[in-house]
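**Student:** One-letter residues, chain by chain:
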Amino acid sequence: SQKIEQNSEALNIQEGKTATLTCNYTNYSPAYLQWYRQDPGRGPVFLLLIRENEKEKRKERLKVTFDTTLKQSLFHITASQPADSATYLCASNDYKLSFGAGTTVTVRA
Amino acid sequence: ETGVTQSPTHLIKTRGQQVTLRCSSQSGHNTVSWYQQALGQGPQFIFQYYREEENGRGNFPPRFSGLQFPNYSSELNVNALELDDSALYLCASSLAGGNDYNEQFFGPGTRLTVL
Chain A
21 SQKIEQNSEA
31 LNIQEGKTAT
41 LTCNYTNYSP
51 AYLQWYRQDP
61 GRGPVFLLLI
71 RENEKEKRKE
81 RLKVTFDTTL
91 KQSLFHITAS
101 QPADSATYLC
111 ASNDYKLSFG
121 AGTTVTVRA
Chain B
-16 ETGVTQSPTH
-6 LIKTRGQQVT
4 LRCSSQSGHN
14 TVSWYQQALG
24 QGPQFIFQYY
34 REEENGRGNF
44 PPRFSGLQFP
54 NYSSELNVNA
64 LELDDSALYL
74 CASSLAGGND
84 YNEQFFGPGT
94 RLTVL
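Residue numbers (the numbering used here), protein chains in the order written: chain A, 21 to 129; chain B, -16 to 98.
Simulated from the structure, these hints should not be mistaken for laboratory data.
Hints are supplied without guarantee of correctness; some may be wrong.
[Unchecked claim] One-sided and incomplete, this derived list gives chain A residues near chain B with beta-carbon spacing under 8 Å:
(1) Y45
(2) R62
(3) G63
(4) P64
(5) L67
[To be verified] If you want the ones that stay clear, here's a sample from chain A, every Cβ over 12 Å from chain B, calculated:
(6) L31
(7) N47
(8) Y48
(9) T88
(10) T89
(11) H96
(12) A103
(13) G120
(14) R128
[Claimed, not checked] The following residues of chain B were derived to be distant from chain A, with all beta-carbon distances above 12 Å:
(15) I(-5)
(16) T3
(17) E35
(18) R40
(19) P44
(20) E65
(21) G92
(22) R94
Built from N, CA and C at the ideal position, the CB exists for glycine as well.
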């Protein structure tokens, strides 16, 4: 089955900077990768999806890339704000979602 | 549009007991998936129900069982609770055939503590 690996170290950045999160998959290239945001004690909320044949996808201040050669997706939050502080989860898409452990981002004002 | 709801919010049980968690799907969704999320980990897939039938199962023992009802709401039952069952249990609903990427909408979760 698919294994998703995310940088387990928390990311602390200054407001206004760009946060970059990494998601690596180990087996077959998934048809889609999804990114979710999770706040403490809450369920994940869908943010973005990128297809295998797409290089890049953007939504407002968010950008996701998909590199099938590196077996990696990068998730960028540009012009970060304290309200962006949360855990971000990467998931590969079959009939079920296979999640990574998530990366916790803290944006300092 | 009604979102995914789960009950109860929190629950404390002792080892060996049984527990039932409930989930109401988002309006119009016919598929429900259950996930277990231990502290500091990502959600782990338990099983999925589609039209009242189990439609895939993760690496969980048979003491984890479920039901889906005609109105697409669902229950997760766990028998013979163990300390390691302490986790956030998440329900996610989706519309099979609605899109090809299986976007799932998560509920707020039930926090289960086993003592």
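**Student:** Okay, which hints does this one fail, numbers in order?
**Tutor:** The structure breaks hints 1, 5, 13, 18, 21 and 22; every other hint is satisfied.
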